[in-house]
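**Student:** Residues per chain, in single letters:
There are 8 protein chains.
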Amino acid sequence: GYARIDTHRCARTGVPEVIYCEGKSIPQIQGIINRMSEHHSNILATRATWEVFEAIEKIGLECQYHEQARIMVANPRPVEQVGNIAVVSAGTSDIPVAEEAAVTAETLGNHVNRIYDVGVAGIHRLLNVCDDLFEANVSVVVAGMEGALASVVGGLVSCPVIGVPTSVGYGASFGGVAALLSMLNSCASGVSVVNIDNGFGAGYQASLINKIAVNKAPPE
Amino acid sequence: GYARIDTHRCARTGVPEVIYCEGKSIPQIQGIINRMSEHHSNILATRATWEVFEAIEKIGLECQYHEQARIMVANPRPVEQVGNIAVVSAGTSDIPVAEEAAVTAETLGNHVNRIYDVGVAGIHRLLNVCDDLFEANVSVVVAGMEGALASVVGGLVSCPVIGVPTSVGYGASFGGVAALLSMLNSCASGVSVVNIDNGFGAGYQASLINKIAVNKAPPE
Amino acid sequence: GYARIDTHRCARTGVPEVIYCEGKSIPQIQGIINRMSEHHSNILATRATWEVFEAIEKIGLECQYHEQARIMVANPRPVEQVGNIAVVSAGTSDIPVAEEAAVTAETLGNHVNRIYDVGVAGIHRLLNVCDDLFEANVSVVVAGMEGALASVVGGLVSCPVIGVPTSVGYGASFGGVAALLSMLNSCASGVSVVNIDNGFGAGYQASLINKIAVNKAPPE
Amino acid sequence: GYARIDTHRCARTGVPEVIYCEGKSIPQIQGIINRMSEHHSNILATRATWEVFEAIEKIGLECQYHEQARIMVANPRPVEQVGNIAVVSAGTSDIPVAEEAAVTAETLGNHVNRIYDVGVAGIHRLLNVCDDLFEANVSVVVAGMEGALASVVGGLVSCPVIGVPTSVGYGASFGGVAALLSMLNSCASGVSVVNIDNGFGAGYQASLINKIAVNKAPPE
Amino acid sequence: GYARIDTHRCARTGVPEVIYCEGKSIPQIQGIINRMSEHHSNILATRATWEVFEAIEKIGLECQYHEQARIMVANPRPVEQVGNIAVVSAGTSDIPVAEEAAVTAETLGNHVNRIYDVGVAGIHRLLNVCDDLFEANVSVVVAGMEGALASVVGGLVSCPVIGVPTSVGYGASFGGVAALLSMLNSCASGVSVVNIDNGFGAGYQASLINKIAVNKAPPE
Amino acid sequence: GYARIDTHRCARTGVPEVIYCEGKSIPQIQGIINRMSEHHSNILATRATWEVFEAIEKIGLECQYHEQARIMVANPRPVEQVGNIAVVSAGTSDIPVAEEAAVTAETLGNHVNRIYDVGVAGIHRLLNVCDDLFEANVSVVVAGMEGALASVVGGLVSCPVIGVPTSVGYGASFGGVAALLSMLNSCASGVSVVNIDNGFGAGYQASLINKIAVNKAPPE
Amino acid sequence: GYARIDTHRCARTGVPEVIYCEGKSIPQIQGIINRMSEHHSNILATRATWEVFEAIEKIGLECQYHEQARIMVANPRPVEQVGNIAVVSAGTSDIPVAEEAAVTAETLGNHVNRIYDVGVAGIHRLLNVCDDLFEANVSVVVAGMEGALASVVGGLVSCPVIGVPTSVGYGASFGGVAALLSMLNSCASGVSVVNIDNGFGAGYQASLINKIAVNKAPPE
Amino acid sequence: GYARIDTHRCARTGVPEVIYCEGKSIPQIQGIINRMSEHHSNILATRATWEVFEAIEKIGLECQYHEQARIMVANPRPVEQVGNIAVVSAGTSDIPVAEEAAVTAETLGNHVNRIYDVGVAGIHRLLNVCDDLFEANVSVVVAGMEGALASVVGGLVSCPVIGVPTSVGYGASFGGVAALLSMLNSCASGVSVVNIDNGFGAGYQASLINKIAVNKAPPE
Ligand SMILES: Nc1ncnc2c1ncn2[C@@H]1O[C@H](COP(=O)(O)O)[C@@H](O)[C@H]1O
Ligand SMILES: Nc1ncnc2c1ncn2[C@@H]1O[C@H](COP(=O)(O)O)[C@@H](O)[C@H]1O
Ligand SMILES: Nc1ncnc2c1ncn2[C@@H]1O[C@H](COP(=O)(O)O)[C@@H](O)[C@H]1O
Ligand SMILES: Nc1ncnc2c1ncn2[C@@H]1O[C@H](COP(=O)(O)O)[C@@H](O)[C@H]1O
Ligand SMILES: [Mg+2]
Ligand SMILES: [Mg+2]
Ligand SMILES: [Mg+2]
Ligand SMILES: [Mg+2]
Ligand SMILES: [Mg+2]
Ligand SMILES: [Mg+2]
Ligand SMILES: [Mg+2]
Ligand SMILES: [Mg+2]
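Here the protein sequences line up with chains P, W, D, F, E, C, H and X, keeping their order. As numbered in the working numbering, residues 2 to 221 make up the first sequence, in order. As numbered in the working numbering, residues 2 to 221 make up the second sequence, in order. As numbered in the working numbering, residues 2 to 221 make up the third sequence, in order. As numbered in the working numbering, residues 2 to 221 make up the fourth sequence, in order. As numbered in the working numbering, residues 2 to 221 make up the fifth sequence, in order. As numbered in the working numbering, residues 2 to 221 make up the sixth sequence, in order. As numbered in the working numbering, residues 2 to 221 make up the seventh sequence, in order. As numbered in the working numbering, residues 2 to 221 make up the eighth sequence, in order.
Note that these hints are calculated values from the structure, not bench results. The structure displayed is predicted, hence computed values, not measured ones. Careful: at least some of the hints might be erroneous.
Stated by the list, open to error - Pulled a few chain W residues facing chain X out of the computed Cβ check, cut under 7 Å: (1) G24; (2) Q29; (3) G32; (4) D133; (5) N196.
Just so it is clear, CB atoms sit at the ideal spot from N, CA and C, and this is done for glycine as well.
Please construct the entire structure, taking both the sequences and the accompanying hints into account.
**Tutor:** What follows is the structure in structure tokens.
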């Protein structure tokens with residue numbers, strides 16, 4: 002009744018359905034993961050609380066919990082981490098969202114380079130890590146408040162940049178809207194954007210791009 | 002005085018500075034392109050009118066004008082078009098923005114497959130062209146009104162999808178905001194978004210990704 | 002003093018007044034239902050909590066509580082469920098709102114077909130249930146995030162579609178605004194919309210339409 | 002290239018594709034209508050200007066122009082107008098949108114009863130026409146400014162009400178947003194809403210409902 | 002330090018300063034009322050909780066608490082209630098705000114006629130009380146959701162109408178914005194508006210107007 | 002067909018229907034005024050252009066045009082101007098809206114005292130005219146930009162204040178929203194507000210209040 | 002890992018990095034302050050709770066807590082307070098934000114003159130303290146609701162004014178947006194604005210300006 | 002009648018009233034400047050068109066017109082330009098607003114250093130001009146699109162920074178709102194903000210601060 006699992010998705014997109022835990026009851030999440038784990042490993046559940054994690058353990062399924070990232074991985078198995086994704090954060094307060102991106106990408110089999118707390122209020126911190134940025138196949142830039150970091154990184158590198166605005170801030174940050182608008186209006190050219198606090202979506206798309214870099218497309 | 006051309010950009014990002022014509026006077030645009038054409042070819046000028054085109058011709062520079070895309074290419078030279086970028090539009094009215102993406106990508110040396118007028122009001126039109134979608138390294142999806150096409154494409158393909166909301170619509174479309182929010186909240190996982198009507202930005206990022214697919218990254 | 006029950010409404014519209022519980026005190030709700038139950042059965046109270054349910058039981062009135070739907074039916078009596086209303090949900094998290102629509106319609110004497118978790122991220126799930134959709138006299142489509150499902154269903158069926166945007170999502174979903182705008186701007190033609198999370202309103206209007214289908218209007 | 006006409010739509014929904022003229026060039030509209038007229042009659046083109054009308058006449062196609070409604074009907078043929086749809090307007094300034102609904106419904110074969118300028122500032126005007134309202138199978142209520150008329154009609158009748166907010170007003174009407182929000186939050190129960198100024202959408206859905214009333218569904 | 006009581010206000014406007022309790026600490030409120038009670042009686046404190054009430058009693062000041070209205074009156078003394086102010090509410094859920102208006106007006110020495118739960122979903126309820134409305138010198142109309150009641154009352158009466166939008170509702174009511182915009186765009190002519198949930202402000206201005214009616218201005 | 006004149010309104014509210022000219026065609030306005038002038042004099046038409054004025058003269062009706070106020074008075078007759086309404090403007094640019102209020106009030110038979118260009122950037126200008134303010138039965142305060150003048154006046158006087166936000170300003174004035182919000186949140190107590198640029202509505206309500214002051218209500 | 006302290010900032014701007022505590026874990030704050038206190042004194046931590054304060058004391062660092070201002074100063078040392086900054090508040094409820102500005106400025110070595118509760122509802126309170134205002138080198142004006150005080154002060158003084166809108170208010174104050182827009186649209190000329198509730202930012206910039214006044218710039 | 006010139010302002014703030022030309026008629030502007038020029042020189046008129054300029058010349062007053070800045074200076078006289086204000090622009094399209102700031106400051110007697118087209122898409126352009134920035138007493142930073150430049154400059158310098166968001170951009174720039182929010186949420190500490198496109202306001206406040214630097218305050 003309550004869930005029609007998209008079992009075909011893995012064939013279609015290479016990744017099984019990802020469970021968004023908010024708004025789902027514990028029994029629903031248990032049921033969904035139980036059925037999925039018959040066919041899949043490294044099942045990602047995002048916005049998962051400790052309570053969700055314990056409920057999955059209780060029904061006898063192996064799983065890992067990444068607390069800062071609020072991600073649970075059910076039926077985990079080791080996976081080679083290839084290529085190079087830079088996950089960059091503006092401040093310390095943006096780290097939970099950055100971790101959601103990083104853990105998503107790692108679980109999907111990518112090597113991640115975390116570059117945290119390099120916001121534009123002290124631009125030399127970013128300039129100091131330019132070499133790390135230049136080595137990445139794709140960059141995820143996570144920033145709240147005015148979100149200016151995405152533009153500055155976008156102007157420095159030649160790889161695609163995925164901006165993740167965060168809800169860090171107050172007042173006229175309007176829960177991340179200021180950073181979102183800032184990134185959408187970036188004057189740097191290679192920047193696209195995902196939803197506010199959507200570290201998962203950025204990590205997922207970064208994985209798609211990084212995998213392209215590693216596995217050369219067939220000649221045309 | 003009025004322009005500090007980022008001549009270093011080409012070295013940094015592989016593409017010379019792109020001129021955004023809105024808000025610039027004709028003499029300013031002439032001056033900028035004149036200086037740039039000493040070093041660069043295939044100089045992109047976006048949001049260019051016929052008046053801009055004629056002003057550049059007048060100062061003796063060779064250039065091409067793509068009317069629907071509102072793009073002018075100054076100092077044009079033939080460039081091999083490699084890889085495969087799908088540019089998908091929901092309706093006929095979205096074509097100018099789709100063309101901005103397509104012409105940008107072609108000028109930057111990419112092969113583009115145009116798939117127009119396949120919006121979700123008649124979903125079979127999209128299902129009929131699935132094979133074209135599956136062959137692309139990256140898809141640009143251009144849609145106004147409710148912008149649902151980005152999610153549907155995102156659920157079908159395994160390549161990255163870049164959504165471009167357009168200002169096509171009226172009333173509660175709020176100049177493209179409805180489509181923008183729709184794409185930002187896509188329930189499909191590999192979708193990122195650029196600004197409303199920013200075909201240029203989508204074509205540019207699609208080029209970065211498509212080039213990665215063509216030129217395999219060095220093994221790590 | 003506090004309530005002027007619209008006792009005439011049942012004669013006028015065929016349905017007695019429906020009690021919206023939010024913002025009313027327990028004694029007020031008790032008083033209103035007590036007076037209404039002298040004349041009516043199957044009294045609907047929406048946005049009802051367990052506390053409301055218990056308070057009504059306490060004053061000796063028979064009632065049923067539909068927890069997911071947050072609907073209480075006071076003075077319930079069996080009612081034939083006729084016709085065919087499809088209630089469609091995009092995700093598992095949208096089910097509470099879908100249930101509000103379904104329980105409302107059932108209480109008003111309609112047959113409901115629940116079609117849940119068929120969102121556009123995996124469009125084949127929807128295509129698999131097309132026959133169910135074609136049999137309905139009217140469809141209620143419940144979706145959060147980008148709300149694209151209403152347009153896709155609207156493009157497939159020939160019956161009226163009532164879209165219900167939900168507040169499922171985060172960030173730029175703005176508590177359901179993204180889905181609301183998406184549905185209002187639907188490129189499919191037979192779609193109208195009710196307030197965010199207003200499963201009740203959609204179920205109510207669907208009932209009006211389904212009853213028309215069952216009881217043919219007098220010839221003109 | 003520019004249009005992929007949904008020729009299958011007529012089979013699916015009973016109505017051929019409707020052309021939204023804004024954002025399309027004259028040659029595009031000519032091409033689309035030309036191809037459609039090989040298979041269909043009574044082709045609706047909305048938001049059509051006199052210029053569009055003349056361009057269609059010029060290529061030798063028969064067509065009618067409804068100026069207030071901004072609707073052009075290409076390849077017109079007589080169609081029986083059955084049932085009863087009430088199209089109600091709050092003020093004189095709302096009539097163009099009301100006409101878009103009325104002409105759409107009439108072209109699709111419905112009988113329309115126009116009830117104009119009965120806004121709530123003088124409620125007796127509405128009460129005087131109650132009998133007309135009671136006879137309709139479905140009502141379309143068109144109102145700008147505060148859009149209160151939809152709620153008042155919704156509280157009076159037992160048929161479904163489709164609200165159309167209009168952009169009539171100034172200042173804090175925000176181009177129809179005030180009326181839109183008003184209708185979405187209607188305290189009357191059978192009201193659903195379409196986009197601001199979307200007379201077409203309301204007329205279309207009203208037609209679907211009215212046709213149900215006329216052609217009783219098969220017994221279940 | 003923390004408060005500069007506007008002791009001159011009473012001379013200027015006829016009413017001593019009114020204390021808005023939100024955002025003030027208990028000791029601050031105690032200090033302010035203590036000083037004011039040396040000179041004034043019937044001191045109004047709005048948005049007062051039970052905790053505030055008890056804190057004032059504790060420092061030995063006489064006071065009354067109106068729970069629904071969230072108003073505390075310190076140093077109360079009997080005052081003649083003259084004239085006639087109608088306070089009208091759309092639904093039962095709007096009563097707390099209506100009571101804020103009524104208690105404010107009564108404390109300032111006005112006779113108040115409460116007319117509650119006469120919203121437009123059942124317009125006959127309002128028509129039944131027209132005579133009460135006609136007798137008032139000024140009407141305060143309190144409504145949430147779509148706020149249509151202010152326009153309907155405004156079209157019926159010849160006295161000034163002060164609309165008070167309430168935050169009753171959900172989804173696209175946006176915490177009272179729908180009702181606020183509705184009232185600001187009223188098609189009836191004698192309507193002005195105060196802030197969302199600002200029963201106090203409406204009661205205060207109604208008092209000013211009602212007092213004018215009672216105490217005829219000197220001939221000019 | 003197009004207009005259902007509310008001929009009863011004059012009996013009900015003391016003022017015949019007022020014609021809002023925007024969105025009405027010239028023939029519609031001619032028709033409406035023609036019919037109204039059979040029964041009424043001093044017919045107000047707001048938002049009237051010179052073109053409207055000439056069209057009314059052409060059909061042989063006497064009328065006056067107040068250019069700054071954009072008000073036309075058809076079938077004018079002398080009327081005694083009683084009482085005292087202060088119409089206060091913050092700047093020179095707000096005068097057209099202030100004039101709409103003043104001319105409305107004068108046409109309805111009120112004495113108006115214009116106090117223009119006394120905005121808060123130079124507060125002494127306002128303090129210099131305090132005596133004028135104190136003599137008014139009601140004040141209309143017209144201000145754009147930050148609209149602070151309404152609060153300052155509201156804090157000075159003991160009569161009701163009606164704030165009219167204007168669309169004067171740019172950028173974050175958002176077409177008058179800044180002034181509107183400012184006035185709705187006034188920290189002064191006797192202030193209510195009408196729509197942005199709605200000088201008519203303010204003049205109308207001020208007239209209702211001023212008439213109360215002049216014609217003392219019967220003792221109760 | 003989690004923090005890249007901008008140790009160079011003090012050399013660059015004269016003030017060490019300031020810690021924004023929201024969104025940081027206690028161990029993160031402890032770690033950051035611990036490292037910073039090796040080089041700096043008078044380290045500012047804003048939006049600090051009692052819990053943060055106790056956690057810093059626990060690791061053996063000296064610190065002071067300013068409760069109203071929610072500011073913690075780690076490694077405090079006496080600092081001469083020079084010049085003159087006026088911190089002005091409209092109401093008592095705005096004091097916490099005003100204190101954030103005042104304590105920031107004092108910690109950075111400025112003399113602060115607190116002028117509280119002088120809002121425009123009683124303008125004479127402000128006029129009474131004009132001399133205090135005239136003596137300041139720079140004024141910080143803190144106001145919620147309609148935020149009019151910034152404009153009135155800006156029109157009175159010849160020093161720069163920094164407006165701080167606060168979130169004090171309800172309904173259409175939208176969490177401080179009304180005051181923010183009001184201040185941005187100030188009709189007085191020397192006013193700039195910081196984020197809603199950003200007392201820190203205003204105190205910081207006021208300090209920069211006041212220091213300029215005290216330490217005359219070198220002759221050019 | 003139409004203007005109450007604040008002749009006292011010059012004494013109070015050191016600068017005579019500045020005329021905002023939008024919304025004023027030509028005769029009004031002529032009248033105001035005529036009266037002011039009896040007492041003042043270097044009278045600033047902002048948002049002035051060529052038409053305004055010619056109208057002032059016509060009545061025999063000397064004046065200068067700064068076209069890009071849209072500023073007219075009536076009764077001009079030479080004034081020493083002291084101190085050092087940096088006016089920084091992100092792009093070429095932002096220059097008109099930057100010029101409004103620069104010309105305002107120069108007219109008020111300040112030395113201005115123009116640093117244009119140094120936006121963050123090519124951060125090295127800004128780093129190249131750091132020495133110019135370090136020499137300024139105050140910086141005005143003018144940027145549209147995402148407005149990130151204000152934060153980057155704010156993080157580099159130790160002088161106060163005044164951000165001016167511009168309406169340069171499209172789509173989700175919302176006429177400058179993106180840049181405005183970006184600057185209000187700056188993670189750099191010494192940044193305050195003026196209204197969108199308000200170059201005048203920034204130049205004016207910069208002048209106040211620069212004059213403080215030049216004329217040391219008297220010792221306290
Ligand atoms: N954190 C997340 N943010 C956005 N989308 C997500 C997130 N986690 C999962 N999803 C997507 O949300 C969909 C879940 O829908 P459902 O579980 O059916 O309600 C899946 O298709 C995922 O791709
Ligand atoms: N300038 C105005 N602003 C707001 N309402 C107005 C204005 N002028 C007239 N009205 C009202 O608008 C209504 C006219 O609506 P309509 O039937 O479209 O003419 C009348 O009831 C008037 O009271
Ligand atoms: N969940 C709901 N959403 C929207 N409207 C509702 C809901 N439940 C009841 N209503 C309507 O709200 C009105 C109740 O108003 P009240 O007088 O406050 O009880 C009734 O007329 C119902 O038709
Ligand atoms: N159509 C466009 N949309 C968004 N950005 C653009 C567009 N065209 C050019 N740009 C970018 O805008 C910047 C131009 O800024 P400016 O210095 O004003 O010319 C360049 O860095 C481009 O990368
Ligand atoms: Mg940091
Ligand atoms: Mg099409
Ligand atoms: Mg699912
Ligand atoms: Mg009318
Ligand atoms: Mg009720
Ligand atoms: Mg003036
Ligand atoms: Mg106070
Ligand atoms: Mg440039």
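**Student:** With reference to the structure, classify each hint as holding or not holding.
**Tutor:** Now for the hints, and whether the structure bears them out:
1. G24: This hint holds: G24/W lies near chain X, its Cβ roughly 3 Å from the closest one there, short of 7 Å.
2. Q29: With a closest approach of 6 Å, the Q29/W hint holds.
3. G32: Hint on G32/W: violated, closest Cβ of chain X at ~9 Å, above 7 Å.
4. D133: violated (28 Å)
5. N196: holds (4 Å)
Checked against the numbered hints given earlier, this structure breaks hints 3 and 4; the rest are met.
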